[in-house]
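Number of protein chains: 2
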Amino acid sequence: MFPETYLALGKNRNMIRELFEYGLKRGREIGPENVYDFTLGNPSVLPPETALKKLADILQGEDPMKVFGYTSAPGDLAVLQQLSESLNSRFNAGCAPDRLYCTVGAAAALAIALRAILLPGEECVVLAPYFPEYKVFIEAAGGVMRLVPADTEAFQIPFDEFEKAIGEKTKAVILNSPNNPSGVICSPETLTKMAAILKAKESEYGHPIYLISDEPYRELVYTGQETPWLPDFYDDTVVCYSYSKSMSMPGARIGYIFTPPKLTEDREIYAAVCGAGRAMGYVNAPTLFQRLIAACDGEVSDLTTYRTNRALLLDGLRELGYTCVEPGGAFYLFPKALEPDDLAFCEKAKALDLLIVPGTGFGCPGFFRIAYCVPTERVERSLTAFRKLAESYR
Amino acid sequence: MFPETYLALGKNRNMIRELFEYGLKRGREIGPENVYDFTLGNPSVLPPETALKKLADILQGEDPMKVFGYTSAPGDLAVLQQLSESLNSRFNAGCAPDRLYCTVGAAAALAIALRAILLPGEECVVLAPYFPEYKVFIEAAGGVMRLVPADTEAFQIPFDEFEKAIGEKTKAVILNSPNNPSGVICSPETLTKMAAILKAKESEYGHPIYLISDEPYRELVYTGQETPWLPDFYDDTVVCYSYSKSMSMPGARIGYIFTPPKLTEDREIYAAVCGAGRAMGYVNAPTLFQRLIAACDGEVSDLTTYRTNRALLLDGLRELGYTCVEPGGAFYLFPKALEPDDLAFCEKAKALDLLIVPGTGFGCPGFFRIAYCVPTERVERSLTAFRKLAESYR
Chain U
11 MFPETYLALG
21 KNRNMIRELF
31 EYGLKRGREI
41 GPENVYDFTL
51 GNPSVLPPET
61 ALKKLADILQ
71 GEDPMKVFGY
81 TSAPGDLAVL
91 QQLSESLNSR
101 FNAGCAPDRL
111 YCTVGAAAAL
121 AIALRAILLP
131 GEECVVLAPY
141 FPEYKVFIEA
151 AGGVMRLVPA
161 DTEAFQIPFD
171 EFEKAIGEKT
181 KAVILNSPNN
191 PSGVICSPET
201 LTKMAAILKA
211 KESEYGHPIY
221 LISDEPYREL
231 VYTGQETPWL
241 PDFYDDTVVC
251 YSYSKSMSMP
261 GARIGYIFTP
271 PKLTEDREIY
281 AAVCGAGRAM
291 GYVNAPTLFQ
301 RLIAACDGEV
311 SDLTTYRTNR
321 ALLLDGLREL
331 GYTCVEPGGA
341 FYLFPKALEP
351 DDLAFCEKAK
361 ALDLLIVPGT
371 GFGCPGFFRI
381 AYCVPTERVE
391 RSLTAFRKLA
401 ESYR
Chain Z
11 MFPETYLALG
21 KNRNMIRELF
31 EYGLKRGREI
41 GPENVYDFTL
51 GNPSVLPPET
61 ALKKLADILQ
71 GEDPMKVFGY
81 TSAPGDLAVL
91 QQLSESLNSR
101 FNAGCAPDRL
111 YCTVGAAAAL
121 AIALRAILLP
131 GEECVVLAPY
141 FPEYKVFIEA
151 AGGVMRLVPA
161 DTEAFQIPFD
171 EFEKAIGEKT
181 KAVILNSPNN
191 PSGVICSPET
201 LTKMAAILKA
211 KESEYGHPIY
221 LISDEPYREL
231 VYTGQETPWL
241 PDFYDDTVVC
251 YSYSKSMSMP
261 GARIGYIFTP
271 PKLTEDREIY
281 AAVCGAGRAM
291 GYVNAPTLFQ
301 RLIAACDGEV
311 SDLTTYRTNR
321 ALLLDGLREL
331 GYTCVEPGGA
341 FYLFPKALEP
351 DDLAFCEKAK
361 ALDLLIVPGT
371 GFGCPGFFRI
381 AYCVPTERVE
391 RSLTAFRKLA
401 ESYR
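Protein chains in written order, with our numbering: chain U, 11 to 404; chain Z, 11 to 404.
By construction, these hints were calculated from the structure, which means they are not laboratory data. Any given hint could turn out to be false.
Because identical chains cannot be distinguished in the list, a pair is counted as satisfied if it fits within a single copy or across any two copies.
Once the Cα atoms are required to be at most 25 Å apart in a straight line, the calculated PhoX-like pairs of lysine-lysine come out as [stated by the list, open to error]:
| id | residue 1 | residue 2 |
| --- | --- | --- |
| 1 | LYS358 | LYS398 |
| 2 | LYS360 | LYS174 |
| 3 | LYS21 | LYS272 |
| 4 | LYS64 | LYS76 |
| 5 | LYS76 | LYS35 |
| 6 | LYS63 | LYS76 |
| 7 | LYS203 | LYS21 |
| 8 | LYS211 | LYS145 |
| 9 | LYS358 | LYS211 |
| 10 | LYS35 | LYS64 |
| 11 | LYS35 | LYS145 |
| 12 | LYS211 | LYS179 |
| 13 | LYS360 | LYS145 |
| 14 | LYS358 | LYS174 |
| 15 | LYS209 | LYS398 |
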């Protein structure tokens, strides 16, 4: 009697969240310090001090009628102006207020952008390992997901498979770099080659193929390797950004869609974005948070904890015999499971109160995800469990 | 190359907003005090003092990791618990946390609820005069809008026409009381009769017909007439609420969907709501504002200005010979235009710098909307223009 897809999505228990809730329950039994929960990609460091101060200033100093009033659908004009200037100074982005559309986070940005770009039956290529909600958003937009298997050596792009996945019906590609779950940043070499393939395919099929860059982890980098700015590599790039991770404010739900000037049919896409957002009931992104990001774009939380955790885990796991591609960003490690069946492997970990997520859920069996956005103490204490787990495979 | 519907929605100039922007421009020419802009339904009074204080308290006193962190998709459990208790004490609502789903305002609530309830091709009945985005949301959900012409005598429900509009394919009805644009509250007698018709139609067609109660103006009442609680009249009611108007915070984008226990297939609808929200990229409603409404549900802005404006305009216009149904709520008057062509009438008003919105846009030609959520001084000064307008028709 109700749409089957929505019923299924609403009833479907999310594996990650189920594991997380198991962890809470288990913590009540044996003490939370004895449960090594690495399930959720939920920032564990404070928002930047400047952002918290700015919020207080806005609430105390600015006119409540403006702070809590409607804005135009893409955002307050002054906010869009400030954001444009920030993006232009940071990335030489060619941004202008009428190229930005503020969203209620990255999920909204993706859901809106996919609806704006895809016609029913058109295909969107996704690279494994991938954030599983991509499939939900693509299908809700009437599109079809084409999954490219992972390059498990480096978690860059397996070009042969990638090229094969792009066909006549391909209208979009989603790229997530730094990546959830691998943490890997696509290198400039990878992006140059990917762009060449996409350009060739655009010529071959005679229509644009849009690269949707999902980049909530853009500023979470640790190795000196910067996150490349995708529109510099490929003209037909739409940028979807969220402040959830960089400013540790996932509950604020604020981000944007940016449609760069080099985009084919840039004005059409922007209009379709506005129209899709409107049809979905996104009146405007919360005004208070619009004003916050206008003032704080580019601010990043103190990443010391993530950096420490990342190093402790990478070194610790490698010493224990685990193999793991060294990731440049995000707050995830994606090591190889110690048996081919990652689900069985994660069950064995669970028996040691080590909660990690099977790679299968990310389209990449044989691996597992560690979300190291947790207190460092948990990382330190967990290494014993990781050791026991490794020993059980000797 | 992009979905036509979204392109059209994105490019379509909104008449109300265009008029509003004309007003801004005209104000720069002749002084803003000489433009009598009654176009936007944008609250003009401050948020409740208690709400502003609560926001400051949350930001200063509560853990930023919680205030800015993710919540579960329907909302933070403690928030849902507090909201349930508030609704139960205010309306004896039979609410529980697993019956509430926090949304990014009423537009999101409607867009989600309609997607959850309607199968492709199913019909949703709407009563004129109506908020034009209903059509957008219904069609985006794959549904078909059936419009019932207005009862222009009282702006209650024209029962004959209403009954005729309900057929085999009717799955939902949207009711908006207090109404935008008429300001009228449906009386208990109207609701009793409407419920009897709907129940009879449910029996006749052998399937539920859901009443979607869009009630952002619930607390904006002026005549001692309370807004009836719809689930008390009709079991198959889904409540969509927003704090935008009651707390003068439209930019905060916060509201909820409530699925009462008496609803046919209540658990299925709730699951479909969760699924539709997920597919649309609504991860969770902004956490800060969830916490605010948990503490402040039922708080209402000081309505003195609206009450004053309403009385000044009703009396003033009637003295000038205008006829207007006396509305019990919201912040709109919907008088009869002085000629059958409301578009021409509003153009004549515009020439007097009086910016009012033609009823045609609300599915009710021959009338016009005055949004009196403006400074009282504007109302007072506008009466001269309303007089000149009336005189031009003598």
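Hints and how they fare:
Taking CA atoms no more than 25 Å apart as the test, LYS358 paired with LYS398 passes inside one copy only; the shortest distance there is 10 Å, against 83 Å between copies. In the homo-oligomer, the alpha carbons of LYS360 and LYS174 never lie at most 25 Å apart, since the shortest distance is 38 Å inside one protomer and 60 Å across protomers. Taking the shortest Cα distances, LYS21 and LYS272 sit within 25 Å of each other only across copies (20 Å), while inside one copy they are farther apart (42 Å). Proximity of LYS64 and LYS76 under a CA criterion of 25 Å is satisfied in both settings, with 15 Å inside one chain copy and 18 Å between copies.
Taking the shortest Cα distances, LYS76 and LYS35 sit within 25 Å of each other only across copies (19 Å), while inside one copy they are farther apart (44 Å). For the homomeric pair LYS63 and LYS76, the shortest alpha-carbon distances inside one copy (18 Å) and between copies (17 Å) are both at most 25 Å. In the homo-oligomer, the alpha carbons of LYS203 and LYS21 never lie at most 25 Å apart, since the shortest distance is 41 Å inside one protomer and 36 Å across protomers. Taking the closest pair of Cα atoms, LYS211 and LYS145 come within 25 Å of each other only inside a single copy of the chain (23 Å); across copies the shortest separation is 39 Å, beyond that limit.
Taking CA atoms no more than 25 Å apart as the test, LYS358 paired with LYS211 passes in neither setting, with 45 Å inside one copy and 56 Å between copies. For a Cα distance limit of 25 Å, the shortest separation of LYS35 from LYS64 qualifies neither inside one copy, at 37 Å, nor across copies, at 32 Å. Within a single copy, LYS35 and LYS145 get their C-alpha atoms no closer than 30 Å, and across copies no closer than 46 Å, so neither meets the 25 Å cut-off. Taking the shortest alpha-carbon separations for LYS211 and LYS179, only the intra-copy value of 11 Å comes in at or below 25 Å, while the best inter-copy value is 45 Å.
Proximity of LYS360 and LYS145 under a CA criterion of 25 Å is satisfied in neither setting, with 27 Å inside one chain copy and 50 Å between copies. In this assembly of identical chains, the alpha carbons of LYS358 and LYS174 never lie at most 25 Å apart, being 37 Å within a copy and 63 Å across copies at closest. Taking the shortest Cα distances, LYS209 and LYS398 never come within 25 Å of each other, neither inside one copy (49 Å) nor across copies (64 Å).
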